[in-house]
Amino acid sequence: MLVTPQLSLDATFSALSDATRRAILARLAQGEATVNELAEPFAISQPAISRHIKVLVDAGLIVQRVEGTKRPCRLAGDGLSELDEYLARLRHALEQNYRRLDRLLKNPPGRKDRSP
Amino acid sequence: MSQLVLETQGETLIVVKRRFEAPPEAVYRAHLEPEIIREWMLGPDGWTMPVCISEAKPGGKIRYEWSNGKGGGFYLTGEIITLDPPRRIVHVERMHLPDPTPDNHVETTFTVDGSGTLMVMRMTLPDEKTRAAMLATGMARGMEASYARFERFWAAKGAR
Numbered sequence: 001m002l003v004t005p006q007l008s009l010d011a012t013f014s015a016l017s018d019a020t021r022r023a024i025l026a027r028l029a030q031g032e033a034t035v036n037e038l039a040e041p042f043a044i045s046q047p048a049i050s051r052h053i054k055v056l057v058d059a060g061l062i063v064q065r066v067e068g069t070k071r072p073c074r075l076a077g078d079g080l081s082e083l084d085e086y087l088a089r090l091r092h093a094l095e096q097n098y099r100r101l102d103r104l105l106k107n108p109p110g111r112k113d114r115s116p
Numbered sequence: 001m002s003q004l005v006l007e008t009q010g011e012t013l014i015v016v017k018r019r020f021e022a023p024p025e026a027v028y029r030a031h032l033e034p035e036i037i038r039e040w041m042l043g044p045d046g047w048t049m050p051v052c053i054s055e056a057k058p059g060g061k062i063r064y065e066w067s068n069g070k071g072g073g074f075y076l077t078g079e080i081i082t083l084d085p086p087r088r089i090v091h092v093e094r095m096h097l098p099d100p101t102p103d104n105h106v107e108t109t110f111t112v113d114g115s116g117t118l119m120v121m122r123m124t125l126p127d128e129k130t131r132a133a134m135l136a137t138g139m140a141r142g143m144e145a146s147y148a149r150f151e152r153f154w155a156a157k158g159a160r
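Sequence lines, in order, name chains A and B. When we follow my numbering, the leftmost residue of the first sequence carries the number 1, and every step to the right adds one. When we follow my numbering, the leftmost residue of the second sequence carries the number 1, and every step to the right adds one.
Excised from the complex, chain A in its bound form:
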């Protein structure tokens, strides 16, 4: 059973605002896991974990399938794909830019021992 809700940025970022949900995603990045397996590291109830999972499913970040009595979860293929790739690379490029700018601001060219 695949759930493919509409991807909304707000839903994505709101889903990611919670530390437990981020930890769930980090776990799923290593591979599929059942709800019980996901609940293990946390000192919270299984219904609470299930609620987190629902938020992640609704945000399109993970998909859940039915296997007998189990409900294994895995990362959605598209939920975090090219937008996040774009934002990550933009961030990386900007970080490098601003680090260079930090150095320039600290030591402006032509100011110190290189006066014109």
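Source of the hints: derived by calculation from the structure; they are not laboratory data. Remember, predicted model here, so these are calculated numbers, not experimental data. Glycine is no exception: its CB is placed at the ideal position from the N, C-alpha and C atoms. You may find that some hints are simply not true.
Some chain B residues judged to face chain A by a derived CB distance under 7 angstroms, without partners named [what the hints assert, rightly or not]:
hint, residue
1, 4
2, 18
3, 20
4, 25
5, 26
6, 41
7, 43
8, 44
9, 46
10, 131
Chain A is already provided as a structure; the job is to place chain B on it using the hints.
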């Protein structure tokens, strides 16, 4: 610590915040003067800006040309809309890949923050087609391909 904050606002805006240990006048100039811009606005290591035109006046032209030194490159053109020195720059820009991308409207503000400056840049979130084209240029490259997708995402979100 000058931590970069990058977040989306709604579905159409990217907001970038960054603090600099320099007064607003200096950070403002660094965004307008070609000889300074070409020293830092380069993206990932290995890229240079052989051409940098930046006419610091309303209606002034902007043209940045980047090169990766291996025959790869692209350019950006734009126009200055509003200058409010040293507090605010409003400009519009577009990438040529080589077809021009939709106009990106950018507002950059500089406010005093203790002994430094807080810069806030608001810009248009490119549509999916534009993002794909920009990724394809390699300009925004920099992450090792071996990175797990989610590790990249944490970096993007600034989480942890």
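Now the hints, each set against the structure:
1. 4: Result: holds, 5 angstroms to nearest chain A Cβ.
2. 18: 5 angstroms, holds
3. 20: 6 angstroms, holds
4. 25: 11 angstroms, violated
5. 26: 6 angstroms, holds
6. 41: With a closest approach of 6 angstroms, the residue 41 of chain B hint holds.
7. 43: 4 angstroms, holds
8. 44: 6 angstroms, holds
9. 46: Hint on residue 46 of chain B: violated, closest Cβ of chain A at ~10 angstroms, above 7 angstroms.
10. 131: Status holds, d = 4 angstroms.
In summary, the numbered hints that this structure violates are 4, 9.
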